[in-house]
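A.B. asks: Chains as they are written, first to last, in my numbering: chain A, 9 to 120; chain B, 9 to 121.
If you're looking for bench data, these hints aren't it; they were derived computationally from the structure. Mixed in with the good hints, there may be bad ones.
Straight-line alpha carbon distances no greater than 30 Å define the calculated DSBU-like cross-link-like pairs of lysine-lysine that follow [claimed, not checked]: (1) A/K19 / B/K50; (2) B/K50 / A/K65; (3) A/K108 / B/K50; (4) A/K19 / A/K78; (5) A/K108 / B/K76; (6) B/K79 / A/K108.
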Amino acid sequence: DAGITQSPRHKVTETGTPVTLRCHQTENHRYMYWYRQDPGHGLRLIHYSYGVKDTDKGEVSDGYSVSRSKTEDFLLTLESATSSQTSVYFCATQETGGEKLFFGSGTQLSVL
Amino acid sequence: GENVEQHPSTLSVQEGDSAVIKCTYSDSASNYFPWYKQELGKRPQLIIDIRSNVGEKKDQRIAVTLNKTAKHFSLHITETQPEDSAVYFCAARTSGGSYIPTFGRGTSLIVHP
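Excised from the complex, chain A in its bound form (with noise of 0.2 Å):
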């Protein structure tokens, strides 16, 4: 599905420790998101990039941080994750001018 890979897939981890998830995309697009998927509060937007090494906050950046050195890949950076970053995590590209978003298959993050 619009070539998005998300790596790893499944990871636990522990309370105070780095965590980094990949997002890499081969359809060339130009706009990459990343979400977090929890039980009643749908879809939140975590960060977003409108190109490389353009990035900007969304609803819940707090405890985020992403960084895009390449069209093809979007970094989502936990610097010292918490209980309460306990999550799905998506990630979703856009093509210029697009208006549907293609997501990857997400990746289950437990912290313990």
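Once you've looked at the hints, dock chain B against the given chain A.
C.D. replies: Structure of chain B alone, referenced to chain A:
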């Protein structure tokens, strides 16, 4: 910013019945309203969308209606089937600024055989 409310949070129907999911939005400048379906354990995928210059759009058993005056839009599924069981998300996107849609909280649709 945009705020999207979605109801109900859970909807249970019998196979063959119709299902309706409703969303309201706050920003009158919103002009694009997509619906995403997420099957259990899968990624969300776009199933239908509508733009503000159209009042209704159909695609086989699904349809979306838009009332700009009331700022609400709805997803209608007729002749529901067990494979329609999923979480459905509505979203709204404004005409200016970023292309980022704001999502509702989702509706879990359960179709009983």
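A.B. asks: Where does the structure disagree with the numbered hints, that is, which hint numbers, in rising order?
C.D. replies: none
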